[in-house]
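Enquirer: The primary structure of each chain is shown beneath.
There are 2 protein chains.
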Amino acid sequence: MKRVGVAILGLGTVGGGTYRIITEHRDFYKKTQDIDLEVECVLELNKDRIAALGIPEEKVAANIAEVVSNPGVDIVVEVIGGVGVARTFVQAALSAGKSVVTSNKELIAKYSYELEKIARHKNCGLYYEASCVGGVPIIRTLLDGLQANNILSMMGIVNGTTNYILDKMTNEGASYADVLKQAQALGYAELNPTADVEGFDSTYKLSILSSMAFHTKIPYTKIYREGITQITQEDIAYGKELGYVIKLLAIGKQTPAGIEVRVHPTYVRAGHPLASVNDAFNAVFITGDAVGDIMLYGRGAGDLPTGSAIVSDVIYAATHSDIKYSTFKNTANADKETKFVSNFSSAYYLRVTVCDKVGVLAKISNIFARRNVSVCEMIQKDNEEDGKATLIFITHETREQNIRNAVAKISALEDVAQVNSVIRVVS
Amino acid sequence: MKRVGVAILGLGTVGGGTYRIITEHRDFYKKTQDIDLEVECVLELNKDRIAALGIPEEKVAANIAEVVSNPGVDIVVEVIGGVGVARTFVQAALSAGKSVVTSNKELIAKYSYELEKIARHKNCGLYYEASCVGGVPIIRTLLDGLQANNILSMMGIVNGTTNYILDKMTNEGASYADVLKQAQALGYAELNPTADVEGFDSTYKLSILSSMAFHTKIPYTKIYREGITQITQEDIAYGKELGYVIKLLAIGKQTPAGIEVRVHPTYVRAGHPLASVNDAFNAVFITGDAVGDIMLYGRGAGDLPTGSAIVSDVIYAATHSDIKYSTFKNTANADKETKFVSNFSSAYYLRVTVCDKVGVLAKISNIFARRNVSVCEMIQKDNEEDGKATLIFITHETREQNIRNAVAKISALEDVAQVNSVIRVVS
Chain B
1 MKRVGVAILG
11 LGTVGGGTYR
21 IITEHRDFYK
31 KTQDIDLEVE
41 CVLELNKDRI
51 AALGIPEEKV
61 AANIAEVVSN
71 PGVDIVVEVI
81 GGVGVARTFV
91 QAALSAGKSV
101 VTSNKELIAK
111 YSYELEKIAR
121 HKNCGLYYEA
131 SCVGGVPIIR
141 TLLDGLQANN
151 ILSMMGIVNG
161 TTNYILDKMT
171 NEGASYADVL
181 KQAQALGYAE
191 LNPTADVEGF
201 DSTYKLSILS
211 SMAFHTKIPY
221 TKIYREGITQ
231 ITQEDIAYGK
241 ELGYVIKLLA
251 IGKQTPAGIE
261 VRVHPTYVRA
271 GHPLASVNDA
281 FNAVFITGDA
291 VGDIMLYGRG
301 AGDLPTGSAI
311 VSDVIYAATH
321 SDIKYSTFKN
331 TANADKETKF
341 VSNFSSAYYL
351 RVTVCDKVGV
361 LAKISNIFAR
371 RNVSVCEMIQ
381 KDNEEDGKAT
391 LIFITHETRE
401 QNIRNAVAKI
411 SALEDVAQVN
421 SVIRVVS
Chain Z
1 MKRVGVAILG
11 LGTVGGGTYR
21 IITEHRDFYK
31 KTQDIDLEVE
41 CVLELNKDRI
51 AALGIPEEKV
61 AANIAEVVSN
71 PGVDIVVEVI
81 GGVGVARTFV
91 QAALSAGKSV
101 VTSNKELIAK
111 YSYELEKIAR
121 HKNCGLYYEA
131 SCVGGVPIIR
141 TLLDGLQANN
151 ILSMMGIVNG
161 TTNYILDKMT
171 NEGASYADVL
181 KQAQALGYAE
191 LNPTADVEGF
201 DSTYKLSILS
211 SMAFHTKIPY
221 TKIYREGITQ
231 ITQEDIAYGK
241 ELGYVIKLLA
251 IGKQTPAGIE
261 VRVHPTYVRA
271 GHPLASVNDA
281 FNAVFITGDA
291 VGDIMLYGRG
301 AGDLPTGSAI
311 VSDVIYAATH
321 SDIKYSTFKN
331 TANADKETKF
341 VSNFSSAYYL
351 RVTVCDKVGV
361 LAKISNIFAR
371 RNVSVCEMIQ
381 KDNEEDGKAT
391 LIFITHETRE
401 QNIRNAVAKI
411 SALEDVAQVN
421 SVIRVVS
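Listed in order, the protein sequences are those of chains B and Z.
In this text, residue positions in the first sequence follow my numbering: the first is 1, and each later residue adds one.
In this text, residue positions in the second sequence follow my numbering: the first is 1, and each later residue adds one.
Please note: incorrect hints may appear among the correct ones.
Just the calculated beta-carbon pair ranges, DEER-fashion [what the hints assert, rightly or not]:
no.	chain 1	residue 1	chain 2	residue 2	range
1	Z	Glu241	B	Leu152	37 to 45 Å
2	B	Lys240	Z	Arg269	15 to 23 Å
3	Z	Thr331	B	Gly173	53 to 61 Å
No farther apart than 27 Å at their CA atoms in a straight line, the calculated lysine-lysine pairs in the DSS-like style are these [unchecked claim]:
no.	chain 1	residue 1	chain 2	residue 2
4	Z	Lys336	B	Lys30
5	B	Lys339	Z	Lys30
6	B	Lys122	Z	Lys30
7	Z	Lys117	B	Lys2
8	Z	Lys363	B	Lys31
9	Z	Lys381	Z	Lys363
10	B	Lys30	Z	Lys324
11	B	Lys253	Z	Lys30
12	B	Lys110	Z	Lys253
13	Z	Lys336	B	Lys329
14	B	Lys30	Z	Lys31
15	Z	Lys324	B	Lys324
16	Z	Lys324	B	Lys2
17	Z	Lys31	B	Lys117
A few chain Z positions that, by computed beta-carbon distances, are all more than 12 Å from chain B [said to hold, decoys possible]:
no.	residue
18	Glu106
19	Leu186
20	Pro219
21	Ile236
22	Lys339
23	Asn383
Honestly, the hints are just simulated from the structure, not real lab data.
Here a beta-carbon is modelled for each residue, glycine too, at the ideal position from N, C-alpha and C.
Please take these sequences and the hints and turn them into a complete structure.
Expert: Written out as C-alpha cells, the structure is:
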C-alpha cells in the first residue's frame with residue numbers, strides 16, 4: 001500500500017479540520033482508497049493550536065525549508081490564507097516538486113498563473129477545490145463532470161457570511177447592523193467584515209469558477225461588485241410581498257456580446273432553487289448547453305466541510321497520476337480576445353419616494369418609456385402622515401445603462417424625494 | 001492533438017443526444033480538452049434514426065464485431081438499454097480492450113461485477129455516470145469529490161417519471177391514473193410504466209450509488225421497494241395540511257446495526273431541500289461525516305442531459321490514463337460481513353377510517369403505546385353523512401416492525417373500518 005505524507009501549513013479552523021479528518025480516517029482510507037494517508041508534519045507558530053489537536057512535537061516543523069526538503073512529504077496543504085507568506089510557501093512547495101492543495105481563494109484568484117507555471121514546470125499538481133463553496137465539489141464538477149458542456153451561465157451564493165446575514169434579516173426582521181453584530185459574536189463574520197459584506201470574497205471565487213467554466217482568464221478586477229451593506233428591511237419586505245428573496249449572487253454569463261461577471265444583491269423569485277438556500281449554506285446554479293440547469297448545494301465554510309474538500313483533493317492527488325492544469329491560457333490578465341460586457345441586461349427593482357401629487361407617476365412612466373424600460377409590476381404605498389408615497393417598480397429585462405439614466409432623471413424630478421434602491425432581479 | 005474515436009451502440013433518445021453533443025462540440029473539445037473527439041461509427045438497426053441524425057452511411061457499422069475490431073474506435077458508448085444484447089455488446093467491447101461508457105442502470109446494477117472483471121483484466125475503463133440521475137455528476141462526486149468522507153446517508157429523487165406524476169398530483173389535484181395517462185401521452189412515462197412507478201428503476205440506481213457510497217456491494221435485490229401506485233389525493237392533501245410533500249425517495253443509510261436501503265413514497269417536510277425538487281427534476285441529498293449535508297440537483301433524464309453525462313465520461317476516459325474501479329469487492333452478491341437492516345427506524349404517517357364512536361381513539365392510542373409508538377401530530381376529520389371519521393397520525397421515529405404490528409392490531413379493531421395508508425416521513 002502506498003504511503004502518502006501530508007504537510008499542513010497553518011492550523012486555524014480549516015487546518016485543524018483537515019488534521020482531524022486525515023488522522024481519524026486513516027484506516028478508512030486504507031480500506032477505501034488503498035493509500036496510507038498520514039500527516040507527516042505541520043507548520044504553525046501558535047503552540048496552543050498544536051496542543052489542542054494533540055500533535056506530537058516531532059511532527060512540528062521549524063520552518064518552510066524543513067517542510068519542503070522533507071522526503072516524507074508528498075503533498076503540501078496550505079491553509080494560512082492571504083497572499084503574504086502563503087504565496088511564498090506555496091511557491092517553495094511547488095518549486096520543490098510537491099503537489100499543493102489550498103483553500104486560499106485570494107491566492108488562487110490573484111496568483112494562480114504564476115503558481116501554475118511552477119507546477120507545470122515541476123510536473124506537480126495545484127488543487128484548490130476548497131477555495132470555492134467549501135465542501136461542495138464544484139471545481140471537480142466543472143473539470144470532470146460537466147466538461148462535455150459549453151457552460152452558458154452560473155449563478156452562485158458563494159459567501160456564507162452574507163447569506164447568513166440576509167437570511168436573518170429576512171426571517172427575523174432585524175436590521176443589517178444588528179445581524180452583523182450577531183454574526184460577529186457567533187464567529188460567522190470577521191471583526192472586519194469588509195471582504196465578505198462588500199463582496200470581495202465573492203469576486204475571488206467568481207474569478208476562479210468563471211475562468212474554469214468559460215475556459216478563459218477572468219481576472220477578479222474585471223468583476224462588477226456591489227455588497228450588501230445598503231440592503232434595508234424595507235426592500236426585504238417589499239420583495240417578500242412581490243415573491244422575491246434577496247441573495248448576494250455571483251453571476252457569470254456568456255452572451256453574444258461577451259462575458260458578464262458581476263457580484264451584487266439580487267432579488268430571486270421564491271420558486272427558484274437558489275431562493276431556498278438558507279443560513280450559511282452555499283449553492284451554485286449552472287446552466288450548460290447539454291445538461292440544462294443543475295445545482296450544487298452545501299456548506300460553504302467550516303472546519304470539516306472545507307476540510308472535506310481539502311482532503312478529497314489530497315486523495316485525488318495521491319491516487320491520480322494525471323495532472324489537469326487550467327483549460328485556458330492562465331495569465332495575469334484576461335486574453336485580449338475576451339470581451340467583457342458592463343452594460344448587461346437584467347430586470348430591476350426600484351424603490352422611489354415621491355410627493356403624493358397628481359402627475360408624478362406619469363412623469364416617471366415617461367422617463368422609463370423614453371429609455372425603453374418596460375415595467376412589469378408596480379406597487380404604490382401612501383404615507384398619509386407626511387404626504388409622501390412609496391413607489392415600487394419591477395421592470396422587464398433592460399440594459400443597465402438605461403436604468404442608470406432613468407434613475408438619474410427620476411432623481412432630478414421636482415416631486416421625487418429620493419430613489420431609495422435599485423436592485424437587480426433574477427426570475 | 002490526440003484523436004479519440006467513439007462508437008455509439010443504439011440511437012434512441014440518449015444515443016441521438018450523445019451523437020449530437022459530440023458532433024456539435026468537436027471544435028469546442030479541441031480547444032478546451034485538447035482532444036479531437038469524433039464519432040467513428042454507430043450501430044443501429046433503425047434506418048430512420050440514422051437518417052434523422054444525418055449520419056453518413058460509411059459510419060454505420062454492420063454488427064458488433066465490426067465495431068470492436070475497428071482500430072479507430074477507442075471508446076464504446078452503450079445506450080441500447082436492457083440486459084440482452086447490451087450485455088453481450090459491452091462484454092465484447094471490453095474483451096476487445098475498448099473502454100465502455102454506458103447509461104444502462106439495469107446492466108450495471110445486475111452485472112457490473114462481471115463487466116468490471118473483464119475491464120480490469122483488459123486494463124480498460126467502465127464508466128456509468130449516465131446510469132444514475134441523468135446529467136448530474138453524482139458518481140464523479142462520490143468517487144472524486146466526497147471521497148474524504150464516510151458517507152452516512154443518501155436520500156435521492158432518482159426517477160423523473162414518478163416525480164413528475166407526484167408533482168402533477170400535488171399541484172393540479174389530479175388522480176394517479178389521470179396523471180399517468182398524461183405522462184404517457186407526453187412521453188414522460190413508458191406505455192408499460194411498471195419499472196418506474198413500482199420503483200424498480202430507483203432500486204437499480206440506489207444499488208449503484210449506495211454500493212459506491214458505502215464501499216460494499218449492495219445488490220438491488222436487498223433493497224426494500226414500494227411504488228407510488230397506491231398514493232391518493234387524500235394523502236397528498238393531508239400531507240399539505242401538515243406541511244409535507246410526497247416524494248418517491250431512494251434511501252441508503254449506514255446505522256450501527258447495519259445498512260438500510262429502501263425505495264418508497266415518503267413525506268418530506270416542506271422546508272427540506274428535496275421538497276422543492278419539482279417536475280421531472282432529480283436530486284440526491286447526501287450526508288458525509290466531514291462535509292455535512294450536500295445536495296446535487298438537475299435533470300434526471302432526456303437526450304441532452306443524459307448525453308452530457310455520457311460525453312463527460314467519454315472525455316474523462318480520453319484524458320485520464322488512471323482507471324478507478326469499484327472501491328469495494330465487486331461481486332454478484334453482498335459481502336457476508338455486510339448486515340442489512342429491514343426493521344429500520346422512521347417516522348410514519350397513518351390514515352385510518354373509523355366509526356365515529358366514543359373510545360376508538362383511546363383503543364388506538366393504547367395499541368400505539370404498547371408498541372412504543374409515540375404520536376407527534378394528529379388530525380381528526382368527521383364525516384357527518386356516514387358517521388365515519390378520518391384520523392391522521394404522524395408518529396415520532398419508531399421501528400418499522402412496531403408500526404406493522406400496530407397497524408395489524410388497529411385494523412382488527414371492531415370500530416376501525418380501514419387503515420387506509422401507511423407512509424414514511426422524513427423531516
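Enquirer: Compare the structure with each hint and give your call.
Expert: Results for each hint:
At about 40 Å, the CB distance of Z:Glu241 to B:Leu152 agrees with the hint of 37 to 45 Å. With their beta carbons about 21 Å apart, B:Lys240 and Z:Arg269 fall inside the hinted range of 15 to 23 Å. A C-beta distance of roughly 58 Å is found between Z:Thr331 and B:Gly173, which places it inside the suggested range of 53 to 61 Å. With a C-alpha separation of about 20 Å, the suggested pair Z:Lys336 and B:Lys30 falls inside the 27 Å cut-off, and the hint holds.
Distance check on the hinted pair: B:Lys339 and Z:Lys30 sit about 21 Å apart at the alpha-carbon level, within 27 Å; holds. In summary, the hint linking B:Lys122 to Z:Lys30 is supported, as the alpha carbons are separated by about 25 Å, within the 27 Å threshold. A distance of roughly 23 Å separates the Cα atoms of Z:Lys117 and B:Lys2; the hinted pair therefore holds under the 27 Å criterion. At most 27 Å may separate the alpha-carbon atoms for a hinted pair to count; Z:Lys363 and B:Lys31 exceed this at roughly 52 Å.
Of the pairs offered as hints, the one joining Z:Lys381 and Z:Lys363 holds, with about 18 Å between alpha carbons and a cut-off of 27 Å not exceeded. Among the hinted pairs, B:Lys30 with Z:Lys324 is consistent with the structure: their alpha-carbon atoms are about 15 Å apart, no more than 27 Å. For the given pair, B:Lys253 sits about 22 Å from Z:Lys30 by alpha-carbon distance, which is consistent with the 27 Å threshold. Only pairs whose Cα atoms come within 27 Å are accepted, and B:Lys110 paired with Z:Lys253 is rejected, the gap being roughly 42 Å.
For the given pair, Z:Lys336 sits about 52 Å from B:Lys329 by alpha-carbon distance, which is inconsistent with the 27 Å threshold. A distance of roughly 38 Å separates the Cα atoms of B:Lys30 and Z:Lys31; the hinted pair therefore is violated under the 27 Å criterion. A C-alpha spacing of about 16 Å is found between Z:Lys324 and B:Lys324, which places the hinted pair at or below 27 Å, so the restraint holds. Of the pairs offered as hints, the one joining Z:Lys324 and B:Lys2 holds, with about 16 Å between alpha carbons and a cut-off of 27 Å not exceeded.
At most 27 Å may separate the alpha-carbon atoms for a hinted pair to count; Z:Lys31 and B:Lys117 meet this at roughly 20 Å. Once the 12 Å rule is applied to beta carbons, Z:Glu106 is consistent with being away from chain B; the minimum gap is 23 Å. Non-interface call for Z:Leu186 relative to chain B: holds, since the shortest CB-CB distance, roughly 17 Å, exceeds 12 Å. Every C-beta of chain B lies more than 12 Å from that of Z:Pro219, the closest at about 19 Å, which supports listing it as non-interface.
Taking the minimum C-beta to C-beta distance to chain B, about 19 Å, the non-interface status of Z:Ile236 holds against the 12 Å cut. Under the 12 Å C-beta cut-off, the non-interface status given to Z:Lys339 relative to chain B holds; the minimum distance is some 17 Å. Every CB of chain B lies more than 12 Å from the CB of Z:Asn383, the least distance being 35 Å, so the non-interface label holds.
Comparing the model with each numbered hint stated earlier shows that hints 8, 12, 13 and 14 do not hold.
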